[in-house]
Amino acid sequence: MPKLKLALYWAGACGGCDVAVLDVNEKILDVANLADIVFWPIALDFKYHHVEAMPDKSIDVCLFNGCVRSSEQEHIAKMLRAKSKVLVAFGSCACFGGIPALANFTTRAEIMERAYIEAPSNENPEKTLPQTKVKVAEGEITLPELYENVYTLAQVVPVEYYVPGCPPTVDLILKVVNALATNSLPPVGAVVASEKTLCAECDRKKENKKITRIYRTHEIIPDPSKCLLEQGLLCMGAATRGGCGALCIKANIPCRGCFGPPPGVADQGAKLVSSIASIYETDGKDDIQKMVNEVADPAGTFYRFGMSTSMLRRKHSRKR
Amino acid sequence: MKKVSIDPITRLEGHGKIEIFLNDNGDVANTYFQIPELRGFEKFCEGRPVEEMPRIVPRICGV
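In order, the protein sequences belong to chains W and G.
This note's numbering puts the last residue of the first sequence at 328; the count rises by one with no breaks.
This note's numbering puts the last residue of the second sequence at 105; the count rises by one with no breaks.
In isolation and in its complexed conformation, chain W is listed as follows (with noise of 0.2 Å):
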């Protein structure tokens, strides 16, 4: 078989997806026996005018993490979508816009203003903000369009697989790895992660018990024996895709969801609003109104890695 062409890339993102890939170790080298890397830009110099040379459908796999939130990333996943036959999400900020995406509940003009002006390690007395071009006494410079929302991979361009995780895990990365080598590829739109909820694969005991209080993580030192939301805890992980191992969960932590929304659930914090109400015994309206203020930040825990795939997709403000 002739090697494939991979082609690995970031948008908005942190590189945690790049290191997963190596953190295959060993296995690095069936990928280097699998497959030719043609752009990577961590690890390797080529250049976006190299990949702008390529003709289309000349990179087999392209493997693409990070949010698109600029004019650059949202050119670069057209570009990479017309080079690559299969396009991969990969990582929970290609998939459902990721932790960046919490950026949905304020705006482009917040964030330039808090970053550039207001940040206490900034000095910015003229509060120059950056502009896509600037005028230079030797010509002009540009940066690309900070978009006002966070957008995922797939609100972009057409997708033919997703890897959730955040990053993906070592075993799901091997998982593709091996199905390029066997040239088994699942159909297209497959989620390469469990079908299940992350439940299914949790080994705490659930006793159907009622909470009568939800516990921030610092105030409780939860059994690691027992199911964490049944301790009060707010675990994502009814609301969550399988497919990681757990995790978070065998670190005594909660799952906060970074899998995204299992099959058949469109949104994940409805999802979990929904089993906290069947699990919180409550008397009445009082009741429902303490059991709210004491969930610290329902909206940055139940869509802490999946704002822009959510209904809700942005915080909207009401025009007057």
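Note that these hints are calculated values from the structure, not bench results.
Any given hint might turn out to be false.
Claimed, not checked - Straight-line Cα separation of at most 35 Å, DSBU-like style, residue types lysine-lysine; simulated pairs:
#, chain 1, residue 1, chain 2, residue 2
1, G, Lys45, W, Lys65
2, W, Lys11, W, Lys35
3, W, Lys214, W, Lys293
4, G, Lys44, W, Lys11
To be verified - Label pairs and their calculated CB-CB ranges:
#, chain 1, residue 1, chain 2, residue 2, range
5, G, Asp66, W, Val142, 30 to 38 Å
6, G, Asn72, W, Asp53, 18 to 26 Å
7, G, Ile77, W, Glu302, 20 to 28 Å
Built from N, CA and C at the ideal position, the CB exists for glycine as well.
Starting from the known structure of chain W, arrange chain G on it as the hints suggest.
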């Protein structure tokens, strides 16, 4: 004035590009280093529970 673009800069964590302007003799007249990315942790962490920060801010840089 001739411009040489290095875009993207590679083999490091983060996003950047470098624009080098050359004068008529082909010498470097000036160089600009630019960061074409912003996610806004400074803003979207505000108001979130402090105990959740260790689970949010590691995503500033995952390398």
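Given hint lysine 293 of chain W paired with lysine 214 of chain W - CA-CA distance at most 35 Å
With a Cα-Cα distance of about 27 Å, the restraint between lysine 214 of chain W and lysine 293 of chain W holds, given a limit of 35 Å.
Going straight from one Cα to the other, do lysine 45 of chain G and lysine 65 of chain W come out at no more than 35 Å?
Answer holds: lysine 45 of chain G to lysine 65 of chain W is near 31 Å, not above 35 Å.
Within 20 to 28 Å or not, the Cβ separation of isoleucine 77 of chain G and glutamate 302 of chain W?
Since isoleucine 77 of chain G and glutamate 302 of chain W have Cβ atoms about 40 Å apart, the given range 20 to 28 Å is violated.
Is the hinted pair lysine 44 of chain G and lysine 11 of chain W satisfied, with a Cα-Cα distance of at most 35 Å?
Roughly 39 Å between the alpha carbons, so the hint for lysine 44 of chain G and lysine 11 of chain W is violated.
The hint says 18 to 26 Å between asparagine 72 of chain G and aspartate 53 of chain W; measuring C-beta to C-beta, is that right?
About 24 Å separates the Cβ atoms of asparagine 72 of chain G and aspartate 53 of chain W, which means 18 to 26 Å holds.
Need the status of pair lysine 11 of chain W, lysine 35 of chain W: alpha-carbon distance at most 35 Å?
Between lysine 11 of chain W and lysine 35 of chain W the Cα gap is close to 16 Å, so the pair holds against 35 Å.
Could you check the hint for me, namely that aspartate 66 of chain G and valine 142 of chain W are 30 to 38 Å apart, CB to CB?
violated, 23 Å
In summary, the numbered hints that this structure violates are 4, 5 and 7.
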